[in-house]
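Number of protein chains: 4
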Amino acid sequence: MDAAPQITLEDGRAILASQPFSRLLGARLVQLEPGLATLELDLTDDLRQQHGVAHGGVLAYLADNALSFCGGSLLGPSLRSSGFTIELLRPARTGPLRAEATTVVFSGRHAVCRCEITGPEGTHAVAQGRVTAVA
Amino acid sequence: MDAAPQITLEDGRAILASQPFSRLLGARLVQLEPGLATLELDLTDDLRQQHGVAHGGVLAYLADNALSFCGGSLLGPSLRSSGFTIELLRPARTGPLRAEATTVVFSGRHAVCRCEITGPEGTHAVAQGRVTAVA
Amino acid sequence: MDAAPQITLEDGRAILASQPFSRLLGARLVQLEPGLATLELDLTDDLRQQHGVAHGGVLAYLADNALSFCGGSLLGPSLRSSGFTIELLRPARTGPLRAEATTVVFSGRHAVCRCEITGPEGTHAVAQGRVTAVA
Amino acid sequence: MDAAPQITLEDGRAILASQPFSRLLGARLVQLEPGLATLELDLTDDLRQQHGVAHGGVLAYLADNALSFCGGSLLGPSLRSSGFTIELLRPARTGPLRAEATTVVFSGRHAVCRCEITGPEGTHAVAQGRVTAVA
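Protein chains in written order, with the working numbering: chain A, 1 to 135; chain B, 1001 to 1135; chain C, 2001 to 2135; chain D, 3001 to 3135.
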């Protein structure tokens, strides 16, 4: 744990840039500190559903990735997400969207993180997930 | 419930075609019956993360949308997803991916649905979520 | 997996009998087969909340234990639950309550299981959780 | 929201005392403020599983009830829990256990709350759930 190869913001940005899906959506890593990660995303027309608001899958992408980077800030880059729970609270019509994840519990090989997705209209979703270091 | 404006497969395909995010990802609705919805997706290069497997956000998109269509098959098109839980089980290197959702409980205004995401390599994720009719 | 020390119904009943909390609540293990576990519980007055229906914690207990026994039917007795999600659907006024869990995915060391809690009034809750073998 | 019939600590204690299941387990409400609720529980022998640690169902009870009281602190006493997700992190051998729930998002009729369950040994579980006002 002390020796864990933590990810720096620069490392994190390089990882994000090497994720084709994150490039497709246009996500930006704006903060990465031990136990904390924040992604941002402009709400372009491509990211909407039939009623013009952000597709639930876009909010879920943000949650998944912010939780993973948050876990990675403590566990290092070799990790896997075990999954997450997301509560969808309010449709998002305007961006940018901001997914801020924090670590609730960190036990060396596991981190449980939470994420709140906000935008100019308020809070759109909250999520909780578990990230595990891969040997 | 008997009178609910159920979505047919044709309706569902029109809805999917009107979701820019689903077009961006290339999802196809291959089945829609009362209490059952199946989406498929080719695993193109754009949908991967840094290790070449499907991004978790792609699996989460599939879960979110399959659960919503599944709920919509009983609740009609005016609905909202309250959120879902996804367990990420096995990275997906090859497609097509298939998200098959079924209804567990339907109570007139609410449906709880489950979804299994599979591909040529096996089962990649399972999800459970709640969909609510909007007045 | 083939060699996994599966729990038989008799084993399972001995385990349940050695759980003080399960004795306190009066749970019965009525079925245990590979990938399948069913618990039953009489809805005694002690198990209710202020409005006379089953306390949510009782439903959550049933989910937790049925999911664990279900995982144990494939993983053997040395396991831990990583947690679960429960959707509370309908208050339960009458018993017995029945929690039937089935395995969705089993991968040697992990099992993802689902559980439905029913009673004379219908379906009260559905849950999904992950169980892991402990070395 | 301003006019919501909030629950005071005294109200909350009366509600808890009227829950037979909470009396059976011996839970105490030690804090109730708008957006915040804390329950405590001694880890008596009755609350354990076969290995002598707290039964997962006990942690789930604490989560369910702390989340509900937390939501009730803003929504008033007429509410229902839609369900919750709990991550089980570390077995609890000693008590008292303390479940502290806070509100993440409150929108008049809904509250999403989080809960952390700790004890002398550290953090045992974290949970997230949704509570809804009943008309």
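You may find that some hints are simply not true.
Ranges between beta-carbon positions, derived for each pair [said to hold, decoys possible]:
id : chain 1 : residue 1 : chain 2 : residue 2 : range
1  : D       : Asp3045   : B       : Gly1108   : 55 to 61 Å
2  : C       : Val2030   : B       : Asp1046   : 46 to 52 Å
3  : B       : Arg1013   : A       : Pro120    : 30 to 36 Å
4  : B       : Arg1093   : A       : Thr132    : 29 to 35 Å
5  : A       : Arg23     : C       : Gln2050   : 29 to 35 Å
6  : D       : Arg3109   : B       : Ser1107   : 15 to 21 Å
7  : C       : Arg2028   : B       : Thr1044   : 48 to 54 Å
8  : C       : Ala2014   : D       : Ser3078   : 25 to 31 Å
9  : A       : Arg109    : D       : Thr3094   : 46 to 52 Å
10 : B       : Thr1102   : C       : Ala2135   : 32 to 38 Å
11 : C       : Arg2013   : B       : Thr1044   : 24 to 30 Å
Covered stretches of chain A (in silico footprint by chain D; criterion: 3 or more residues with CB under 8 Å from a CB of chain D, positions within the stretch not fixed) [to be verified]:
id : stretch
12 : 7-15
13 : 59-72
14 : 81-91
FYI, nobody ran anything at the bench for these hints, they're computed from the structure.
Because the structure is a prediction, the values reported are computed rather than measured.
The C-beta atom is built at its ideal place from N, Cα and C for all residues, glycine as well.
ask   = Measuring from beta carbon to beta carbon, are Ala2014 (chain C) and Ser3078 (chain D) in 25 to 31 Å?
value = Violated - the Cβ-Cβ distance for Ala2014 (chain C) and Ser3078 (chain D), about 43 Å, lies outside 25 to 31 Å.
query = At a Cβ distance under 8 Å, does chain D reach at least three residues of the stretch 81-91 of chain A?
reply = With 4 residues close enough to chain D, the hint holds.
task = Just tell me: holds or violated, for the beta carbon distance of Arg1093 (chain B) and Thr132 (chain A) against 29 to 35 Å?
result = 20 Å, violated
Consistency of beta-carbon spacing, Thr1044 (chain B) to Arg2028 (chain C), with hint 48 to 54 Å = Since the Cβ atoms of Arg2028 (chain C) and Thr1044 (chain B) sit about 51 Å apart, the hinted range of 48 to 54 Å holds.
request  = State, for the Cβ atoms of Arg23 (chain A) and Gln2050 (chain C), whether the hinted interval 29 to 35 Å holds or is violated.
outcome  = Hint violated: Cβ distance 53 Å, outside 29 to 35 Å.
task = May I ask you to test the hint 15 to 21 Å on the CB atoms belonging to Arg3109 (chain D) and Ser1107 (chain B)?
result = Once the Cβ atoms are compared, 18 Å apart, the range 15 to 21 Å for Ser1107 (chain B) and Arg3109 (chain D) holds.
request  = Using the beta carbons of Thr1102 (chain B) and Ala2135 (chain C), state whether their distance is inside 32 to 38 Å or not.
outcome  = With a Cβ separation near 35 Å, Thr1102 (chain B) and Ala2135 (chain C) satisfy 32 to 38 Å, so the hint holds.
query = Between Val2030 (chain C) and Asp1046 (chain B), does the beta-carbon spacing fit 46 to 52 Å?
reply = At 50 Å between Cβs, range holds.
inquiry  = Between the beta carbons of Arg1013 (chain B) and Pro120 (chain A), is the distance compatible with 30 to 36 Å?
reply    = Holds: the Cβ-Cβ distance is about 33 Å, inside 30 to 36 Å.
ask   = Using the C-beta atoms of Arg109 (chain A) and Thr3094 (chain D), is the stated range 46 to 52 Å upheld?
value = 23 Å, violated
request  = For Asp3045 (chain D) and Gly1108 (chain B), compare the CB-CB distance with the range 55 to 61 Å and indicate the outcome.
outcome  = Violated, at about 44 Å.
query = For the stretch 59-72 of chain A, do three or more residues have a beta carbon lying closer than 8 Å to a beta carbon of chain D?
reply = violated (count 0)
In this structure, the hints that do not hold are numbers 1, 4, 5, 8, 9, 11, 12, 13, in rising order.
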